[in-house]
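Novice: As you go down the protein sequences, you meet chains X and Z in turn.
Each residue of the first sequence is one higher than the one before, starting from 1 at the first, in this note's numbering.
Each residue of the second sequence is one higher than the one before, starting from 1001 at the first, in this note's numbering.
Honestly, the hints are just simulated from the structure, not real lab data.
Check the hints yourself; a few may be wrong.
[Unchecked claim] Think about it this way: if two alpha-carbon atoms lie no more than 25 Å apart in a straight line, the pair counts; the simulated SDA-like pairs of lysine to any residue are:
#1 X:K221 <-> Z:E1166
#2 Z:K1280 <-> X:P183
#3 Z:K1280 <-> X:A120
#4 X:K53 <-> Z:K1265
#5 Z:K1280 <-> X:E243
#6 Z:K1280 <-> X:R265
#7 Z:K1142 <-> Z:E1031
#8 X:K56 <-> X:G167
#9 X:K193 <-> Z:E1166
#10 Z:K1265 <-> X:G167
#11 Z:K1280 <-> X:G138
#12 X:K228 <-> Z:P1253
#13 Z:K1265 <-> Z:E1284
#14 Z:K1280 <-> Z:P1187
#15 Z:K1280 <-> X:A139
#16 X:K234 <-> Z:L1250
#17 Z:K1265 <-> X:R265
#18 Z:K1261 <-> X:S231
#19 X:K247 <-> Z:G1251
#20 X:K247 <-> Z:G1068
#21 X:K123 <-> X:R265
#22 Z:K1049 <-> Z:P1237
#23 X:K53 <-> Z:E1269
#24 Z:K1261 <-> X:I241
#25 X:K234 <-> Z:K1261
#26 Z:K1280 <-> X:I202
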Amino acid sequence: MSQFLSNYRDFLKQATKSDKYHGFDVRALVRVEPMLSFLFHDWWRVEFNGLEKLPKEGPALIVGNSGSFLPWPATMLLYALMSSRVNPRRLHIVADMDWIKDERLFASFLELGFVPFSSANMKRLFAKGELVAIFPEGAAGLARPFSARERLIEFDWVKLLPAVEEGVPIFPIATLGCDEAIPVLTNLDAIAKMLNLPSFPITPFFPWLPFPFNLASLPTKWNMSILKPLSYEKAEDRDLIEETSMKQSQFAEGEIQAELNRLLRQRWRAK
Amino acid sequence: MREVKDLTWKSLEKLKDPVKAFSNRCPLYYERYAGKEDEFGYSLETFAKWEPLFRFLYEEYFQVEIRGIENIPGEGRAILVGNHSGLLPLDGAMISMAMCNLHQNPRRIRYLSTDWFFHLPGLSNWVKETGQVRATKDNAQKLLAVEELVGIYPEGIRGVGKPFAERYRVLDFHPGFVQLAIATQSPLIPVATVGGDEIFPEFVNLHKVARFLQMPFFPVTLGFPWLPAPLMFMPLPVRWMINIHKPINLGYPAEKANDRKLVMKLTREVQYQIQRDLNKLLRERRSTLTGWDEAELDGELPKP
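Kindly produce the complete structure, drawing on both the sequences and the hints.
Specialist: Set out below in structure tokens:
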């Protein structure tokens, strides 16, 4: 704990002031910090670009592509923001969490900084000047087959609506490598329906190995880069707001896909 | 299979006079362009001679499925914008075939193509006569001024030589086509083509050999430098899908053509629209060789 206090002094200053309505607990972060650090620095060797583009104060929304199987890109972004020397900030990760029936699991997600998706929740966070991340591909992104890796599934524009209504700056973030870390071979819809899960992906590890090992991943090299914010004008009219949101979510999706294509080309050319 | 049934001595006579056979089959297209002088060297005879080959590729070999052909206007200027693919740029030819055979008002597409084709001694005339035009701003503006349908692949020659691992990953578009559309007040029609990037899987591009031979790229494919001459150009029988989007009327005054920021933004929007559609079509596809489920496509395919 004391080590954590000295290492993350700036982050803690910021985090103590931040919104704790949903049950965020720094101690949960202290517990998982060694694992996140190992994954970030040693396992996936994340190369993070563009952190300086994010504002130091005030509300902002980060929109990204979700990796396969587990929401690792979200947690890596969380770690990058908390360990940053330049711009340490607490991250609220907004996601659809209704399908998590286990209360202990649900609570532990909330402790880390996850927030259930709702327009009211997001607007409250923006009003408090918080940094929010959202992954609008949703659960479909988690079951993306390996053959369609690094190809985005259409963004749900409704998820950008609260941000567009409030006129909050939107930053796209592209994550390369997360789809290859856990190759999803296929998705069994019938079993998913039976277990009331959004999807039931089969990976080389997943249902086969005993518990901690079935969540294992491969040590791929990750690139994460925050792109320049989308430029749009805050609208008052309802129709206009919806149109802007639709257009911006499509544009954000395109920006992320184009950045992934660029990063992939760089990776192949560098070989 | 239809072709085999019709194959008689009489049908072989078509080969003797391809222009007459063509005028019988596509009378509207023939009447539209027969006997007209063309500044850029279009020749209906050459087109009629080569059309059966490309129609065979379209109908039998690639079994192209086309959506939204009615989005292309029968009259008036328009710019087609697409993702380029496939070493030999067959994607343009396939859309030309659809425009010639399936459209209500058949018309030709004038593709703006790279200078390299026009330097080749054997090929340059053929390329001109089948309707391609050297890509310059002046040429494009002249074509649009006479209400032609202009086809542009803004990825350029780089887009054709994508390695197999980069298939259907669109390169950043050159903003020239948006500038042209604003300056000439013509609508943009985005076209997404799936299939072209898999007909010649390119494993490696030998830059040094390409530079020595003054080619844009020198690919190594399944057949390319290995097999004897006609076989090395043999494409794989991949199922194609061409999705033509609704025309976009930009609606900016012509002076805005020099607004770099605006032009860049519109370029990106069109690029992202095409890439998004490619991702969607790839997601829906069953497999490379069998293509899409008929059931999903019912009602969306135009009846030929």
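Novice: Confirm or reject each hint.
Specialist: Verification of the supplied hints:
In summary, the hint linking K221 of chain X to E1166 of chain Z is supported, as the alpha carbons are separated by about 18 Å, within the 25 Å threshold. A threshold of 25 Å between alpha carbons decides the hint, and for K1280 of chain Z with P183 of chain X the separation of about 20 Å falls inside it, so the pair holds. Restraint check: the Cα-Cα separation between K1280 of chain Z and A120 of chain X comes to about 31 Å, which exceeds 25 Å; the hinted pair is violated. For the hint linking K53 of chain X to K1265 of chain Z, the alpha-carbon distance of about 20 Å falls within 25 Å, and the restraint holds.
Distance restraint check for K1280 of chain Z and E243 of chain X: the Cα-Cα separation of roughly 21 Å lies within the 25 Å cut-off, and the hinted pair is therefore satisfied. Between K1280 of chain Z and R265 of chain X, the direct Cα distance comes to roughly 21 Å. Compliance with the 25 Å bound is thereby established for this hinted pair. Distance hint between K1142 of chain Z and E1031 of chain Z is fulfilled; the C-alpha atoms sit about 23 Å from each other, no more than 25 Å. At roughly 17 Å between alpha-carbon atoms, K56 of chain X and G167 of chain X fall within 25 Å of each other, so this suggested pair holds.
Of the pairs offered as hints, the one joining K193 of chain X and E1166 of chain Z is violated, with about 35 Å between alpha carbons and a cut-off of 25 Å exceeded. Proposed proximity of K1265 of chain Z and G167 of chain X is supported: the alpha carbons are some 20 Å apart, at most 25 Å. Restraint check for K1280 of chain Z and G138 of chain X: the C-alpha separation of about 16 Å stays at or below 25 Å, so the hint holds. Our distance criterion of 25 Å between C-alpha atoms is broken by K228 of chain X and P1253 of chain Z, whose separation comes to about 28 Å.
For a cut-off of 25 Å, the pair hint linking K1265 of chain Z to E1284 of chain Z is broken: about 29 Å separates their Cα positions. In summary, the hint linking K1280 of chain Z to P1187 of chain Z is supported, as the alpha carbons are separated by about 24 Å, within the 25 Å threshold. Between the alpha carbons of K1280 of chain Z and A139 of chain X the distance comes to roughly 17 Å, so the proposed pair stays at or under 25 Å and holds. Of the pairs offered as hints, the one joining K234 of chain X and L1250 of chain Z holds, with about 22 Å between alpha carbons and a cut-off of 25 Å not exceeded.
About 22 Å separates the Cα atoms of K1265 of chain Z and R265 of chain X, which keeps this hinted pair within 25 Å; it holds. For the hint linking K1261 of chain Z to S231 of chain X, the alpha-carbon distance of about 12 Å falls within 25 Å, and the restraint holds. The hinted pair formed by K247 of chain X and G1251 of chain Z meets the criterion: a straight-line CA distance of about 17 Å does not exceed 25 Å. With a C-alpha separation of about 22 Å, the suggested pairing of K247 of chain X with G1068 of chain Z holds against the 25 Å cut-off.
A C-alpha spacing of about 38 Å is found between K123 of chain X and R265 of chain X, which places the hinted pair above 25 Å, so the restraint is violated. Among the hinted pairs, K1049 of chain Z with P1237 of chain Z is consistent with the structure: their alpha-carbon atoms are about 23 Å apart, no more than 25 Å. Proposed proximity of K53 of chain X and E1269 of chain Z is supported: the alpha carbons are some 22 Å apart, at most 25 Å. This hinted pair checks out: K1261 of chain Z and I241 of chain X have alpha carbons roughly 23 Å apart, not beyond 25 Å.
With a C-alpha separation of about 20 Å, the suggested pairing of K234 of chain X with K1261 of chain Z holds against the 25 Å cut-off. For the given pair, K1280 of chain Z sits about 22 Å from I202 of chain X by alpha-carbon distance, which is consistent with the 25 Å threshold.
Of the numbered hints given earlier, the model fails hints 3, 9, 12, 13, 21; all others are met.
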